[in-house]
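Q: Sequence:
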Amino acid sequence: MKAWSGEAGTAKRLAVSAVAGAAAVSLLGACSMATHQQAAAVVNGHVISLSDVEQTTQQLQAANLDFSEQIVVTALIAAPLLHQTVEASGSWKPDATYASVVNAMPDATDTTKEFVSAVALLQSAQMTQQDVAQYRKDLKQAKISVNPRFGTLQPSNEGPVYFTLGQSTPNWIKPTDQAK
117 MKAWSGEAGT AKRLAVSAVA GAAAVSLLGA CSMATHQQAA AVVNGHVISL
167 SDVEQTTQQL QAANLDFSEQ IVVTALIAAP LLHQTVEASG SWKPDATYAS
217 VVNAMPDATD TTKEFVSAVA LLQSAQMTQQ DVAQYRKDLK QAKISVNPRF
267 GTLQPSNEGP VYFTLGQSTP NWIKPTDQAK
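In my numbering, the protein residues as written are 117 to 296.
These are computed hints drawn from the structure, not numbers from a lab. Treat the hints with care, since some could be wrong.
As the list claims (entries may be wrong) - The list that follows gives simulated cross-link-like pairs (lysine to aspartate or glutamate, EDC-like), each with its CA atoms no further than 16 Å apart: (1) Lys229 x Asp247; (2) Lys256 x Glu274; (3) Lys209 x Asp182; (4) Lys209 x Glu170; (5) Lys253 x Glu230; (6) Lys229 x Glu170.
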């Protein structure tokens, strides 16, 4: 009698399949978890890696543009939502500001170019009221997670990105003038 035949064989095959399946899920989950642990942020499934943030910050500083990693992460979170909005409306295309900054960094990565594009768009003040309304709607619906190293995403009513990254104040901490 074969070891893999009959009811005992079926049970063994199921057990082996279950173990193999569980191992595969664990490995894939670990890969995904490792990717997210190496992420500065994730916007609607798009991972912004810590290494991309660090490299972008270094490239900007090498071009004498002093932006912190916190600002880089903020702009990279907003960038896909901003670009989606202006592409749909046609209200902004990369301009001379964008071109001059990118030309100052001949080895600029795609992430650095995305950062520069988002900042140039925001500084251009060419987003219409409809663009801003659509961006804010998209921002509200977006699934965004931020690496705790950069704090938490705090919605804001002030532009240009309508959110900040930082430490949230726990609701049990009261300003000293309100404490009784």
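Q: So, for every hint listed, does it hold in this structure?
A: A quick look at each hint next to the structure:
1. Lys229 x Asp247: violated, 22 Å
2. Lys256 x Glu274: It holds: about 14 Å lies between the C-alpha atoms, which stays within 16 Å.
3. Lys209 x Asp182: The hint is violated at about 24 Å.
4. Lys209 x Glu170: Violated. Lys209 to Glu170 sits at ~26 Å, over the 16 Å cutoff.
5. Lys253 x Glu230: The hint is violated at about 21 Å.
6. Lys229 x Glu170: This hinted pair holds, its Cα atoms lying about 14 Å apart.
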